[in-house]
Amino acid sequence: MSKIHVSAVVNGDPVDFLADPRESLLDCLRDQLGLTGSKEGCGTGDCGACSVVMDGVLVCSCLVLGVEAEGKKVETVEGLADVGALHPLQRKFIEHAALQCGFCTPGILVASKALLDQNPDPTETEVRYWLAGNLCRCTGYDKIVRAVMDAAQEMREAV
Amino acid sequence: MPKDELKSEFRLIGTRPDRPDGLDKVTGRARYGADMALPGMLFAAVVRSPHAHARILKIDASAALALDGVKAVVTRADFPTGLTGEDWNLQENSMAGDVALYDGHAVAAIAATSRLLAEDAAKLIKVDYEVLPHVIDVDDALRMDAPVIRAGAGDHTVPEGSPPNVSKYIEFGHGDLEAGFAAADLVREQTYKTEATHQGYIEPHACVAQLGADGKGEMWVCTQGQWYIRRMCSAVLGLEASQLRVTPSEIGGGFGGKTIIFMEPLALALSRKAGGRPVKLVMSRSDVLRATGPTASASMDVKLGMTKDGKLTAAHVNFRMQGGAFTGASPVGEALSCALACYDIPAVMHNGVEVLANRPKAAAYRAPGSPMAAFAVECLLDEMCHELGLDPLDVRLKNAVHEGVKASYGPTYAKIGLVEVLQAVKAHPNLLAKLGPNQGRGIASGFWFNHGGETSVSLAIGEDGTVTVSVGTPDVGGGRASIALMTAETLGIAYEAVRVNVVETGALGVNEPSHGSRATFASGKAAVEAARSAIREMCRRAAKEWGIDEEAVEWKDGAAMPAGPNAGKFPPMSIAEIAAKMGGTGGPISGHHETNADGVGASFGAHVVDVEVDPETGRTTILRYLVVQDAGRAIHPAYVEGQYQGGAVQGIGWALNEEYVYGANGRLQNAVFLDYRIPVASDLPMIDTVIVEVPNPGHPYGVRGVGETGITPPLPAVANAVAMATGVRLRSLPLSPPKVLAAIKAKGRA
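These protein sequences, in sequence, are chains A and B. Mind the numbering: the first sequence is residues 1 to 159 in my numbering, read in order. Mind the numbering: the second sequence is residues 160 to 909 in my numbering, read in order.
A hint or two may mislead.
As the list claims (entries may be wrong) - In silico DMTMM-like pairs for lysine to aspartate or glutamate, Cα to Cα no more than 25 Å straight-line:
no. : chain 1 : residue 1 : chain 2 : residue 2
1   : A       : K3        : B       : E278
2   : B       : K593      : A       : E124
3   : A       : K3        : B       : D227
4   : B       : K282      : A       : E124
5   : B       : K898      : B       : E542
6   : B       : K282      : A       : D31
7   : A       : K3        : B       : D194
8   : A       : K73       : B       : D194
9   : B       : K462      : B       : E542
Simulated from the structure, these hints should not be mistaken for laboratory data.
Here chain A stands alone, though its shape is the one from the complex (with noise of 0.2 Å):
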């Protein structure tokens, strides 16, 4: 099957890359693009570690496709942090010591900054209810709630 050309801009950067049409946007952005950091879990849009945010919406990069993004922004968990400094969340998922294994964090680091993007101060069951779809084995959550509570604060306060 021949591949499609396909122009976007990945945090900030504007990249091509060639897709065939079957390729999820996640393999792209791995397998293209050398980007890493978002992960396959499942490859079935049920554990959330392949997180990404396309032109503001977060989707599982696993269930868009490739060619999907022609055109599109895309922000990914190499996005996150300016040069030099750290977001909020990836100091505060340090600190609270909020990842075991670390697989899962990439996805959950995204997709917690789109919730703290739309919704400064959330609850904890808000954050739990908005994290249902990124699976964590390894911590049982309490740390990584913890961990979103307490950057949503200091966002807050830095405002």
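Add chain B to chain A, keeping to what the hints say.
Below, chain B alone, put in the same frame as chain A:
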């Protein structure tokens, strides 16, 4: 015991610094199994049996091989023959021989120039099967007329006349059972069942493997144990172990399931057949669920005798477990040994059988065997407490094991902390929370042996006095941080001055995996010994420079100094000063230690859970959850809490939702995360933890190991809480909403 081993005040131990690998893991830089790519790399796909039990009549790969870009196909014919014992089991599980033994059993594998091409070509491999009768359920597999999975598979322990699928029989105990039950005021006997569950690590198995015609190979792989991968792959493929270099990637969860091989030998075999080109093989989630280590399913009889004031007088457990179609895969031995380990009972008897079934080869899963055993014993104990009107926590305290007691499984306990754990439970405010309608509280204890094992650690002093520690235990959840803390504490230097690297198989002596709750215990113990060895050498260098006896030099606060006024008057010589000069004072300074780590400290915990059960749907909500466990010493308390919380939530999943669901055709019906439902954030409250510290005298800082015990109490604790909330006792897991609802309705009708 040297004085310093009794210390309880520390500079660094017990603090919560940032983990050294934290930055890599929040930025997406950390490299896991599937994140590796090599020049010239091929991609593999695996053809798997769609049948639970089927004779493989013919495999025709000609159409696949005819495609441009397809480089190799391997079947069992590409593997050496004549293996025996566990090596044969591993080979047979990696690739089916004459018979496919479970749904998902690998039958052939293919390598091509792209992943999509490999997947397309795999569909062209034609396999002819003769479908055979199959058996899935543990009790069905034990029938005399069950389909025979492997005639003569049973070992010497199997009594004559046993059903044909029995592969192992175990019996042990002590005390006068008859007298024990006669002394009881209440004797009860019940049967309990648990379904198979999966470890559920979010990272699927992945590797990049390369193997040349010269028998030299390399592998990048997500694993808990790179030496286990090396040994097992070498055995299965007939290689020399030292010619295979295995580098562990970061690991995206394992929980015991990444201690053995599954598809790794296939990638090596494909590479060899494809002229030595590297081959990448990544499992899909459904491959993971169908073909990698679930745990065993169990059917368990328990009989307990208790006096009217709550003293246990006798116990008899009789367990049946299937661990798939392979001998020795079930944890029935561990389950029996753990079953009664929490209690001081005068007479105990254990019987168990392992039986083969058409399921994947069970792998270790966090305290293998102990959660099932706890479900059976802790539930019956709870039932009897309620029948006698006794407080279930007081009864556990009354019977709790302590130092000097002969364990149910044989040895006499050294210093242990179950009594301290139960006292901490008793003092916790969660027990004062009032329960409303349809709510219940459950309590249970849990046990795991913990493990030491083969361990080799090296430590090198850098040119500037900073320190590198090489360990062989992959970091599954903060191991680098805890080993850096212990090393820095011992050397008297900053935590940040230590870098801990998890290294490949060529860099150290053989290490067992990060299993058995051993990484912080065993690699930590060896790192402390390696640091002490480096300290001795640094003291020698200082002594030489000062012209005094090396015995007259002591190490304090990261520097060599004269030991007392008689040694002479010299200013302290720091590790940085010694390191800067080491080239001229005798060369590099390093420390090394290898051991079969002894001094393991047994681990006990107790959990309390409050639940609410919706009487209209049967759905259970966790309202409150408390984990109390003896860590010995919490080196990095945040990661100890994390182990407690993660173990508890895995156990909650096992109790409430998780199970392997098979169709009548023996195919797994729920091989995706949508249907194999592990707990999600919205299912849970915060998980409260209390770290009890009864130091283990067998470790320089008192560590016991904390990874496994936490998954053991949730199964019975949740079941006990649901029984209290609903007034009905369910004796089989999971307590899924339909099952609970049916039980509530049946009670209403009664």
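We went through each hint and held it up to the structure:
1. K3/A - E278/B: holds, 17 Å
2. K593/B - E124/A: At roughly 22 Å apart (the allowed maximum being 25 Å), E124/A and K593/B satisfy the hint.
3. K3/A - D227/B: holds, 17 Å
4. K282/B - E124/A: violated, 47 Å
5. K898/B - E542/B: Given pair K898/B, E542/B holds - Cα atoms ~19 Å apart, limit 25 Å.
6. K282/B - D31/A: Distance of about 23 Å is within 25 Å: holds.
7. K3/A - D194/B: holds, 23 Å
8. K73/A - D194/B: holds, 23 Å
9. K462/B - E542/B: holds, 12 Å
The structure is inconsistent with hint 4 alone, although it conforms to all the rest.
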